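**Q** Protein sequence lines correspond, in order, to chains F and W.
Okay, so the first sequence: first residue is 1 according to our numbering, each after it adds one.
Okay, so the second sequence: first residue is 1001 according to our numbering, each after it adds one.
Because the hints were derived from the structure by calculation, they are not lab data.
From a predicted model like this one, the values you see are computed outputs, not experimental measurements.
C-beta: ideal position from N, C-alpha, C; glycine also.
Each hint should be verified, as a subset may be incorrect.
To be verified - Calculated Cβ distances over 12 Å to all of chain F for the following chain W residues:
#1 Asp1026
#2 Ala1149
#3 Glu1183
#4 Ala1195
Said to hold, decoys possible - Stretch by stretch, here's where chain W covers chain F in the computed footprint (C-beta under 8 Å, at least three residues):
#5 158-167
#6 195-208
Number of protein chains: 2
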Amino acid sequence: MTAGKAAVRAATAGPARTGRRPGNPDTRQAILDAARGAFAESGFDGSSIRRIAGRAGVDPALVHHYFGTKDELFMATVEIPVDLPGLLRQVGAPGVDGLGERIVTMILTVWESPAGAGLAGWLRTALADEARARLLRQFVVVSVARPFASSLGIPEPERERRTGLVMTQVLGLIVSRYLLFLEPVVSLSPAQVVASVGATVQRYLTGPLPNGAG
Amino acid sequence: MTAGKAAVRAATAGPARTGRRPGNPDTRQAILDAARGAFAESGFDGSSIRRIAGRAGVDPALVHHYFGTKDELFMATVEIPVDLPGLLRQVGAPGVDGLGERIVTMILTVWESPAGAGLAGWLRTALADEARARLLRQFVVVSVARPFASSLGIPEPERERRTGLVMTQVLGLIVSRYLLFLEPVVSLSPAQVVASVGATVQRYLTGPLPNGAG
């Protein structure tokens, strides 16, 4: 638990440091703006580094220099104040047993850390604005759900369904407890949330799927 | 199913008709504004009809004349484009058996009806704006959760916890499927959603509560 908390603290201390020099702030910003426009228009899969570089009027090598991979560039455009992929890797590492409770514990720890307020503002904006909602959508699918589900070895035909079900539960916990502060949800103790909601997430990940043909 | 759909259609056709005459639109609006201010400042329980009438500069009898009970006045300030209390009464009437699936079926039917777009706009606004989020909060607790939970005979000590857990799941389904259009959630068939999410809601309502001491 202490090691886990320390890791969460590290992951919520700010954007991931890549060791790259910050570079010219104007160029950096121009690339970010171009990337945001491209992702919003054509989606993550439909936007190449080459095309983004073209929009920004810079060489593709400079995009890689400033931001690394397309994934990392995407994370930078989303500006999420937490290293979510890193947290998910850490939570997923011990495998699928007990994963539901670990996911819910991670959510409570991060949202009740100092990074929580920043996350709430970020999510509120993303929900209110259609263009940002589109970015959030891609972020969740491309940077969270896909790599996470495939790393866990959930069989392909069920993967989408299980991931979708987990999202309905996890997102609802976050929205009701940390955006809306709904009374009966806020009053639940962390232990109650981890036990009950964790059991649901685990069931969605590895339990039977009723009425699978529907 | 056909009778259920007809009832949903009636409940989503617009604000509940009370048979009262619309009255002077300026007075009506003044009362609504006063009520919104009072509910935002002092909460539902801390706002009396008398005090709201005082703020609006009218006689309390006029408030009752235009809006009926304090509950009905509150519903009018929230401006939710669906008769949610009516829908919940209908869904709860057959009792607690199978209630999870009926709640989820009702959610899918309402949000995929013509009223869905209005509801999405309403919820988006409520999430983005702190004052409206406060109204939404009170609305959910006062007009939905409390009367619903007590009508079902869920024992008092567990009622808050079960209601809170149901909210995390129900709200997450709505936000991920109808506000964010998250890919893996949107792709789930209605039958899959009803079976899997309905089973979770039922478990939260009547199943064992793990780690209840926590």
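**Q** Compare the structure with each hint and give your call.
**A** Outcome of the hint check:
With a cut of 12 Å on Cβ distances, aspartate 1026/W stays outside the contact zone with chain F, its closest approach being about 31 Å. The claim that alanine 1149/W is not at the interface with chain F is violated, since a C-beta of that chain comes within 12 Å of its own (minimum 9 Å). Listed as a non-interface residue, glutamate 1183/W fails to keep its Cβ farther than 12 Å from every Cβ of chain F; the least gap is roughly 5 Å. Taking the minimum C-beta to C-beta distance to chain F, about 4 Å, the non-interface status of alanine 1195/W is violated against the 12 Å cut.
Counting residues of the segment 158-167 of chain F whose beta carbon lies closer than 8 Å to any beta carbon of chain W gives 6, which reaches the threshold of three, so the coverage claim holds. Restraint check on the segment 195-208 of chain F versus chain W: 7 residues with Cβ-Cβ distances below 8 Å, three needed, restraint holds.
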